[in-house]
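Here are the chains, one letter per residue:
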Amino acid sequence: MKKNNAKAYWKENIRYVLILLFIWFIASFGAGILFKDYLNEFKIGGFKLGFWFAQQGSMYVFVVLIFIYVRLMNKLDKKYGYDV
Amino acid sequence: MDMMFSLLLKGIGVQNWTYLLVGITFTMYIGIAIWTRASSTKEFYVAGGGVSPLANGMATAADWMSAASFISMAGIISFAGYDGAVYLMGWTGGYVLLALLLAPYLRKFGKFTVPDFIGDRYYSNTARLVAVVCALLVSFTYVAGQMRGVGLVFSRFLEVDINTGVIIGMIIVLFYAVLGGMKGITYTQVAQYCVLIFAFMVPAIFISIQITGNPIPQLGFGGQLADGSGTYLLDKLDGLSTDLGFAEYTEGSKSLIDVFSITLALMVGTAGLPHVIVRFFTVKRVKDARKSAGIALLLIVILYTTAPAVAVFARTNMIETVSNKPYVSVPDWFKKWEATGLIKFTDKNEDGLIQYLANEVKNELVVDNDIMVLANPEIAKLPDWVIALVAAGALAAALSTAAGLLLVISASVSHDLIKKMINPNISEKGELIAARLSAVAAVFVAGYFGINPPGFVAATVALAFGLAAASFFPAIILGIFYKKMNKEGAITGMIVGISFMLYYMTKFKFGWFGGGTKADWWFGISPEGFGTVAMILNFIVSIIIMKFTKEPPKSVQDIVENIRIPVDAGEATH
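Line order of the protein sequences matches chains A and B. Mapping of the first sequence onto the working numbering: residues 700 to 783, in sequence order. Mapping of the second sequence onto the working numbering: residues 348 to 921, in sequence order.
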C-alpha cells in the first residue's frame, strides 16, 4: 500500500514538473528568443514585447512558477500524508 | 538647520563616506561571525541544518550574486542590448530547474556536499573523485574573480593599491569563513544581501526618477522621458544607437542558435554549481528547500530586473554626456575614470570632440563595462553617500560569493577527500580542524590568484558554468529521475562531458589544439554556449553506456525511491 502510494505521488509530481517546465520554456526560450521578432511587433508602453519577455517578463514568470510549485507540492504532500 | 546638515554631509566627501560605510558593514560581518561561530562539522558544513527558508533564501541570493552580477552585468547589457538577455534569463532560469528538479531531492538525501551525493548514488569512489575534481575546478576559477573584484573596488574607491585591497578582503573572509564555517557564512550573507540590494537599488531609483520621472526602474525604462517630449526612452536609445552606427539596442547581434545555447548553458550551469546546491542542505525540511529556492529567486530577480533598466539609463546618459562633446569640457568623472584606464580617449581626427562610434577605425572612445555601475552615480550627479554605498554593495557581493565558494572548496578537501577517501577514521574534532585548515589554504590560493590574476579569469567564469553544466547537472538529474542509471554510465558521461567542454573552451579561448575563429565554431555555437552541447553529450553517453553495463544494486535503487518521498528528511549526516 505504502509503495503504491509513493508511486502515485511521484507520478503526480512528475506531471506538475512537466507542465511547469513547459511554461518555463515558453516564457524564456519561446517568447524571449524563438518568437521574439514576431512579438516585437507588439508594444506595451515603450517595450517591444519580445524584448520585454527577454529582459523582464521571463524572470517574473520564473518566480511565479516556483511559488506555484511550492503550493502544489505542499497540497500534494498533504494528500499523501507526507507533510511533516 | 537643513542647510547646515547638508553642508556637513557635503563636507564629508566621497572618500570618507566610503571609509565610513565600508567600515560599518565590515564590523557588522565580523560581529556576526563571532556570534555564530561553528562548533561541530555539521555546523561548519551545513550551518547545523536548521536555517529558516527566509534566511536561506537571502543567503542564497547573496551567495549567488557576485561581483560580476553587481558590478559588471548592467555594463555588459548596456553594450550588448538585447543580447544581454542571455545573462538575465540564464542566471535566473536555472533556479526553476533547481527548485523543481534538484533541491528537494538533494535535501532529502541529506548529506553535506555534492560529491557526497554523486559518490553514494553511484556507489563508487571514482565517481566521488571525479565530482571532487569538478567541484574544485569550478569553485577555484570562480573565486579568483571574486578576490580580484574586492581588490578593484578598494583601489577605485579608496585609492589603495589593488593588492592591498585583495589582502584586506582575504583577512575579512578568512576571519568569518574559517571561524564560522557555513553557519557564520549564512548569517553574514543575510546581512550582505541587505547591503548589496540597498546599494544597487538606491542609485537605480534616483536615476529612474531623473530620466523618466518613474521611481520604479523596471517600469521607468519602458516609460517616456521626463522632459515632456512624449518620446519613449527605449525608442530614443534605439535612435541614438543607430545614429552612431550600432545595432538597434532592442535587437542585438548574436545568432539565434547562439543566444539559445548560451542561455541554456547558463541555466543548467547555475543549477549545477556546488556552492549554490549546498545552500539547500542547510534547511530543515524538504518543503523548506522548495520554498527557499522561490525566495532566493525572488530576491535575485529584484536586482536582475533592475540591471537592464540601469543599463539603458546609463547608456543613454553616457552617449548624451560625451558624444560629440568637446574633450576640454568633459565632467570630472570622465577624467577620474580615465586615470584608472577604464575610459580611454584618443582624438584620432584631432577635432577636440569625442566621437563615440560603432566604426572601430573612427571611434575615439573605449569604455570598460564596469564603469556603467561604478560611475553611474557620478554620471547622474548623485550625492556622495550614494557613490560610497555602491562601493560597500560591491564589496558585499564579492565577499559573500567568495565565502560560499571557499566553503565548498574546504568541504571538498576535508570531507570528500580526507574523511570519505583518505582517512575514514578521522575524529569529528580532527575533521573540523581539517575543514578549517583547508579553508585557510583555500583563502591563500584565492588571494594569490587575486593578486596574480591569470589572464583568462573572465574567460574561465564562462568555463565554470560550462563545466557545471557538462558534469554535475546530468549526473544529478539522472541520479534522481532514472533509477537504473549506474556508475559506469554516470562516470563516463561526466568525463566525456567535461573533456569536450575543456577541449572546446581551450581551443577557442586559449588557442590550444590549433585554435580557431568564430567561423570554425561547431553549429555556430560560441564557447560560452557549448555547455549545452557538452551536457547533451553527457546525457547520451551516460544512457548508452548504462544499456550495456550492469544495473545498480538493489540498495542503491532503494535510495533513489526513498529520496523521491519528502518525509523523514532527517538531519544532514556524514
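Misleading hints may appear alongside valid ones.
As the list claims (entries may be wrong) - In silico lysine-lysine, DSBU-like type, Cα no more than 35 angstroms apart, as pairs:
1. K672/B with K631/B
2. K691/B with K894/B
3. K710/A with K728/B
4. K777/A with K601/B
5. K901/B with K777/A
6. K682/B with K774/A
7. K854/B with K742/A
8. K601/B with K774/A
9. K742/A with K601/B
10. K631/B with K706/A
11. K894/B with K742/A
12. K710/A with K691/B
13. K631/B with K601/B
14. K706/A with K728/B
Said to hold, decoys possible - To list a few chain B residues with every Cβ distance to chain A over 10 angstroms, as calculated:
15. A432
16. M436
17. P913
I should point out that these hints are in silico values taken from the structure, not numbers from a laboratory. Keep in mind the model is a prediction, meaning the values are calculated, not measured. Think of the CB as a built atom: it goes at the ideal place given N, C-alpha and C, for glycine as much as any other residue.
Verification of the hints:
Taken as a hint, the K672/B and K631/B pair is broken in the structure, with Cα atoms around 59 angstroms apart against an allowance of 35 angstroms. Annotation: proposed proximity of K691/B to K894/B is violated, straight-line Cα distance about 59 angstroms (limit 35 angstroms). Between the alpha carbons of K710/A and K728/B the distance comes to roughly 58 angstroms, so the proposed pair goes past 35 angstroms and is violated. Of the pairs offered as hints, the one joining K777/A and K601/B is violated, with about 47 angstroms between alpha carbons and a cut-off of 35 angstroms exceeded.
Among the hinted pairs, K901/B with K777/A is consistent with the structure: their alpha-carbon atoms are about 29 angstroms apart, no more than 35 angstroms. Distance check on the hinted pair: K682/B and K774/A sit about 60 angstroms apart at the alpha-carbon level, beyond 35 angstroms; violated. Of the pairs offered as hints, the one joining K854/B and K742/A is violated, with about 42 angstroms between alpha carbons and a cut-off of 35 angstroms exceeded. Proposed proximity of K601/B and K774/A is contradicted: the alpha carbons are some 43 angstroms apart, above 35 angstroms.
For the suggested pair K742/A and K601/B, the alpha carbons sit about 22 angstroms apart, so the restraint of at most 35 angstroms is met. Using a Cα cut-off of 35 angstroms, the hinted pair K631/B and K706/A holds, with the two alpha carbons roughly 24 angstroms apart. Pair hint K894/B plus K742/A does not hold up; C-alpha atoms about 51 angstroms apart against a cutoff of 35 angstroms. Our distance criterion of 35 angstroms between C-alpha atoms is broken by K710/A and K691/B, whose separation comes to about 60 angstroms.
Restraint check for K631/B and K601/B: not satisfied, since their Cα atoms lie roughly 44 angstroms apart, outside the 35 angstroms limit. For the hint pairing K706/A with K728/B, the CA-to-CA distance comes to about 62 angstroms; that exceeds 35 angstroms, so the pair is violated. Taking the minimum C-beta to C-beta distance to chain A, about 4 angstroms, the non-interface status of A432/B is violated against the 10 angstroms cut. With a least beta-carbon separation of about 5 angstroms from chain A, M436/B fails to lie farther than 10 angstroms from that chain, contradicting its non-interface assignment.
Residue-level check failed: P913/B sits 5 angstroms from the nearest beta carbon of chain A, not beyond 10 angstroms.
Checked against the numbered hints given earlier, the structure breaks hints 1, 2, 3, 4, 6, 7, 8, 11, 12, 13, 14, 15, 16, 17 and satisfies all the rest.
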